[in-house]
Amino acid sequence: MSDALLSASGVTKRYAGIVALQAVSLEVRAGEFAAVIGPNGAGKSTLFDCLTGVQRPDRGQVVFDGRPVDSLKPAARARAGMARTFQRIELFGGMTVLDHLLVADRARTRRGGLLADVLTGSHPSPEELARCAAVLELLGLEQWADRPAESLTLGKGRLVELARALMCEPKLLFLDEPSSGLDRHETDEMGNALQRVQHERGIAVLLIEHDVPLVERLAERISVLDYGELIASGPTEEVLSDQKVRIAYLGATT
Amino acid sequence: MQLLEYAIRGVPTGCVFALLAVGLVLTYKTSGVFNLAFAGQAYVSAIVYYELRKELEWPLVAAGVVSILIVAPLIGLLLERVLFRYLRSAGSMAKLVTSLGLLIAIPEIAKLVFGSETRKNPPPLWWVRRTDEWLWPEGATFVLDAGQIATMASTLIVVVGLVVLFRFTNLGLRMRAVVESPRLAELSGVDSERVSMAAWMLSSVLAGLAGVLVAPLFASLNPFDLFTLLVAALAATVFGGLTSIPLTFLGGILLGVLQAVLAGTLPTDSVLTNGLRPSLPFVVLFLLLLFRPGLRSTRELADPLATVDAPPPPPVVRARPPWVATGARAFGTVAALIAFLVSWFVLDQYWLGLAISGLILSVTMMSLIVVVGMGGMLSLCQAALAAIGAFALAQVVQATGVPVVVGLVAGVLIAAAVGALLAVPVVRLDGVYLALATLAFALMFQSIFVPLSWVSGGAVPISVPRPVVGPLDLSDDRYFLVFVIVCATATALVVIRLREGTTGRFLQALQTSDVAAASIGINGPRARVVAFTIAAGIAGFGGGLTAIDLGQASYEASFPYLIGLVWVALLVSAGARSIQAAVMSGLFFFLFPALLDKLFALPGNWVESNPDAPSWVASIANAVQPTWAQSVAFILFGIGAITYAKHPEGSIEAQTTASINALVRRVEARNGDREQAPVGAGVGPGAGGSTP
Ligand SMILES: Nc1ncnc2c1ncn2[C@@H]1O[C@H](COP(=O)(O)OP(=O)(O)O)[C@@H](O)[C@H]1O
Ligand SMILES: [Mg+2]
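Residue numbers (our numbering), protein chains in the order written: chain A, 1 to 254; chain B, 1 to 692.
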């Protein structure tokens, strides 16, 4: 319990009639790469929403970095060290890739503000640009920095979301199906990027993913959701060979 | 028992509210448009009915049928065919701005067509006049007049009819399906074109019916009263959650009853009563928006199949070479300098005055840049905030005798403070609800605060002298022009800095993806409150300058809430984020009607100086009415707003971008010929992709 970075217990969420999450408990340790898998509609995105504060669970507690965060809004949880990407990509309109990173950096450092804007114009400082450049390089986005993010392919867009999340210097990164909608090549690229992030930054990651090979390659531990319930959880190989999981998720018959 | 009698007295008024509110709900349910232009449509039918009954003396049934069952649905059909069919998948903001444009344009078009003379005593849609002459001839204690009976009967019929339509008929079901998802509906065999036309015709009939029925409530027919009544009825619409017809009906009745009970029980002649009675619906509307449970969870209608479409092609973004920015700045400076020299040396008192007023309005318009363009909040109360700035300036100067310039600063601060107080509850609302809440605030301000003497100075506006700043005596208009230019430039610089700085980036992020902005730790409500407050301060600045300009702080002359709506329509259609658009639309608002006025006066002047002018010139001169200039100008302002859906960035902005791109292309082509530069040199991958 004590070494868990994130610990959720008994998280329950109902939407008019359907139970999206039924008493789900989950832990992520600092620096760990964990994954959540489960069929479509199992409640994975809802779980993320409850953990990051976008949705308020009907029951259950979430403790992050040693303190309960149940009353915190998403923005406050982000400042506490949670960052995320979205299943349906959410980029900012009318901003270049570099702008996306800058705005995330400003949100973290809270540099600038009204007076600074009016008096100085709040142009990006060399340190800010250096921090952005480091993340751009890590994800291989340097050559796209000045492009409007909307004009990029989905694969690049997902990398921009990841880069933006990294600029928050999070302790825990929530990634909601970062490979969905990507082709094989882009998925590999995403996998490599995630591996580099994990190695170089040592951030804990909680990944929702459909692509089982990708999960096998990246995750140390897996939790499996089915119809809102946690049906298995443990080291990757163990869980993937579990019979119950194979039936629920992989459609195995025997 | 006394209370019950008061309550019963409120029912007819309640039916008026209910009828208008149900009409709005119907439009919203069947088209997804929160149709402010409902009041304009109602006005047209009311005029037609008036003309047929009073001028042509048609029988009642014929006049009713033509105005309500023929003219009204034709207008609905026209609006659907030429406008709203293209907006089905547009955002709620685009739809709202479009209806705002129509609200401004339709009554003026009607005035051009039917003449703008005052139409006194609109005729009721009923034969008998009063119940005491009809049902209870002797000793009636409770008398209904013809209009009330007709309204109550029609409201009941309409409500029952609509409930039946939506509960039990196929058409009702299909109408709802088409709004929720036109494509899904079509996949299941619904002809969404025809259903949508039917929906617009039906809701337009309701508008017409409401217009004809409600018109006799007023001494004379005019669109402003109808619109104000419609806003009052909005309380019932919100009570029904914008979708439930029975609840809306109930809300309307309750509102009428509440109003009557308060009128009966509160002491007469107290400040509270006098202020509360006319403003009650707006207060209720405001409170409902803030506190009605479930309102914020009613998500904007979004087509679940929208994502099926292929994503729009990525915008072709051309990296602009640096000379463009330099050139634009040089061009802007030269143009501004020429405009200034012309104003100083050429313009006479009249035109100089208009130019000054226009430039001051552009300061107020800049407040809209901050709140609407940057903040994404369609605030409809900037005129009220400007008025607060003006009143505060006038009161502070009158009470303490400080210099006017100090009063101006006080006005800014007080307007900003009021804006902050208003913003805290209001910024939590999204889209349409925020627009309605600010509209409710504008009307509360107008009906409660403007009459108070500690706010406006009472019936006679407080006068504000032109100050002397250093060596310049601003009572000379040319020096005042310089002062206003300095003020406008300073405001523009602040707005630009905010737009390009951290504040603007955060707001941009929030506007385009609220969840993503929160996920990186941006505190949305706080950023919005800040934007709203700054905008309020800028509006107060504009208002204060207006007061100095006119020499008095007058609500009627400068800040009626409807004028504020026109400002919004103008700025948003010109470019809600652009300083250039703010300046142009501010000047345009004052100069354009004046120019039209001169234009329309030409034939008359010519006839006067040439007695033997051809007779057709004389007949043109006779036909021209003095109100034409205003009408034509407002029609164009309104039509401008209608183009918003097509160019959300604004027409001036779109035009500028297009011309700059064309210029860049041409220059690059010429340079390419000369230097034989390699193809695509200096352009990022894909960025120079050929544009069709
Ligand atoms: N905002 C919402 N309102 C109602 N139901 C929802 C909402 N979001 C998700 N659901 C439902 O909750 C269930 C879980 O959805 P989700 O968390 O998106 O699943 P997953 O991400 O595992 O595919 C689904 O049945 C979905 O339809
Ligand atoms: Mg999901």
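I should point out that these hints are in silico values taken from the structure, not numbers from a laboratory.
Be aware that one or more of the hints could be misleading.
Below 20 Å or equal to it, Euclidean Cα-Cα: the simulated DMTMM-like pairs (lysine to aspartate or glutamate) are [said to hold, decoys possible]:
(1) A:Lys-156 x A:Glu-186
(2) A:Lys-156 x A:Glu-127
(3) B:Lys-120 x B:Glu-186
(4) A:Lys-73 x B:Asp-225
(5) A:Lys-244 x A:Glu-216
(6) A:Lys-156 x B:Asp-225
Quick caveat, the model's predicted, so the values are computed rather than measured.
Consistency of the hints with the structure:
1. For the hint pairing Lys-156 (chain A) with Glu-186 (chain A), the CA-to-CA distance comes to about 8 Å; that is within 20 Å, so the pair holds.
2. Between Lys-156 (chain A) and Glu-127 (chain A) the CA atoms are separated by roughly 25 Å; this puts the pair beyond 20 Å, and the hint is violated.
3. Straight-line distance between C-alpha atoms of Lys-120 (chain B) and Glu-186 (chain B) comes to about 48 Å, which puts the hinted pair past the 20 Å bound.
4. For the hint pairing Lys-73 (chain A) with Asp-225 (chain B), the CA-to-CA distance comes to about 44 Å; that exceeds 20 Å, so the pair is violated.
5. Using a Cα cut-off of 20 Å, the hinted pair Lys-244 (chain A) and Glu-216 (chain A) holds, with the two alpha carbons roughly 18 Å apart.
6. Proximity of Lys-156 (chain A) to Asp-225 (chain B) is assessed by CA-CA distance (about 55 Å); at most 20 Å being required, the pair is judged violated.
Checked against the numbered hints given earlier, this structure breaks hints 2, 3, 4, 6; the rest are met.
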